[in-house]
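Going down the list, the sequences are from chains A and B.
Residues 1 to 142 (the UniProt record's numbering) are what the first sequence spells out, left to right.
Residues 1 to 142 (the UniProt record's numbering) are what the second sequence spells out, left to right.
No lab work stands behind these hints: they were computed from the structure.
Predicted model only: the values in this text are computed from it and were never measured.
Ideal placement from N, C-alpha and C gives every residue a C-beta, glycine not left out.
Some hints here could point you the wrong way.
[What the hints assert, rightly or not] One-sided and incomplete, this derived list gives chain B residues near chain A with beta-carbon spacing under 7 Å: (1) S9; (2) H126; (3) L138.
[As the list claims (entries may be wrong)] Here are the simulated SDA-like cross-link-like pairs (lysine to any residue), alpha carbons at most 20 Å apart as the crow flies: (4) A:K137 <-> B:A18; (5) A:K137 <-> A:S52; (6) A:K137 <-> B:H30; (7) A:K137 <-> A:P49; (8) A:K137 <-> B:L25; (9) B:K137 <-> B:P49; (10) A:K137 <-> B:G106; (11) B:K137 <-> A:R22; (12) B:K137 <-> A:A99; (13) A:K137 <-> B:M105; (14) A:K137 <-> A:Q50; (15) A:K137 <-> A:E125; (16) A:K137 <-> A:W6; (17) A:K137 <-> B:P92; (18) B:K137 <-> A:R91; (19) A:K137 <-> B:L23; (20) A:K137 <-> B:A20; (21) A:K137 <-> A:L51; (22) B:K137 <-> A:T102; (23) A:K137 <-> B:S95; (24) A:K137 <-> B:E7; (25) B:K137 <-> A:A18; (26) A:K137 <-> B:D100; (27) B:K137 <-> A:T10; (28) B:K137 <-> A:P92.
Number of protein chains: 2
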Amino acid sequence: MSDLGWELSTASVLFHEAVARRLGLTAVEHKALGMIVRGGPLPAGALAPQLSVGASAVTGIVDRLVRAGYVERRPDPDDRRRVLIAATADRPDLSAIFADLTREMGTVVARYDAEQLATIADYLEHTIAVLRAQTAKLSDPA
Amino acid sequence: MSDLGWELSTASVLFHEAVARRLGLTAVEHKALGMIVRGGPLPAGALAPQLSVGASAVTGIVDRLVRAGYVERRPDPDDRRRVLIAATADRPDLSAIFADLTREMGTVVARYDAEQLATIADYLEHTIAVLRAQTAKLSDPA
DNA sequence: GTGAATAGTTTAGTGTCGTGAAATACCTGG
DNA sequence: CCAGGTATTTCACGACACTAAACTATTCAC
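Given only the sequences and the hints, what does the whole structure look like? Please build it.
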């Protein structure tokens with residue numbers, strides 16, 4: 001059982017690596033892209049702390065993402081100093097990857113009834129909470 | 001539901017990164033260490049393809065792991081050209097991390113009865129299979 | 001309105017990591 | 001025993017990506 005958890009964790013990491021490699025992105029760039037896709041348009045400065053890099057490094061990271069066509073810089077209407085980084089609308093390779101994954105996961109989920117799904121969701125939630133807590137503990141100079 | 005899966009995936013990746021950072025290892029070094037800890041003593045050459053680096057790079061990677069005290073080089077009695085990389089017996093920080101995680105995951109697992117655990121295990125197995133298949137597809141020049 | 005603070009970029013410099021070729025040691029087939 | 005192949009290391013080189021500090025533009029506080 002704990003073996004399965006570890007295998008899943010490893011499989012997740014390998015999958016992330018494979019995606020990054022496929023997209024031609026480094027780990028940090030991939031992470032940044034993930035934040036942008038999820039979090040909507042973000043100011044450049046918001047990325048620096050989460051990526052654990054200096055503000056000046058963000059410029060280069062965004063440059064590469066822009067050059068690769070994954071994001072675009074938009075001026076922030078509210079604050080003309082800021083630059084909002086937004087995911088570009090059309091990213092065929094990226095959506096292909098996730099469409100594939102979503103479809104496959106759909107067939108997995110279809111194996112279970114509502115009650116079983118509730119159990120699985122409960123397990124996932126608690127596992128996520130544990131992982132986040134452990135991550136926080138590791139990051140802190142405890 | 002698919003949100004949960006994605007969150008778990010992200011949490012796993014962040015956890016792995018936190019572990020690597022805590023141990024003072026780069027992503028490749030951490031990956032190599034994982035292979036060695038799991039797969040028992042491995043010849044240096046076996047690491048190169050899985051890490052996607054050349055054979056000469058492995059020397060440096062192992063050097064850093066040795067210097068940090070996580071692994072040691074052993075001569076292979078069967079083939080004196082080879083060098084087996086083995087995990088060192090005493091790695092207090094490393095076992096502390098995993099002891100903590102294992103304990104917490106134990107309390108999560110304790111929430112369910114045998115039937116529920118079977119469902120969860122089934123879900124994990126199938127999810128792992130999907131992730132591995134997708135990873136393979138991405139890595140292949142399909 | 002002026003001065004300090006903020007957002008982002010630029011530049012120069014540094015460090016690190018990986019590649020590729022050559023070197024060493026060893027195994028193996030004939 | 002010798003030739004060719006394999007496992008690992010060494011070395012010189014090149015490529016990136018990050019940091020730190022200086023620079024520009026803009027906002028905000030008083």
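Problem - Violated hints - listed by number, lowest first - result: Violated hints: none at all, because every hint is consistent with the structure.
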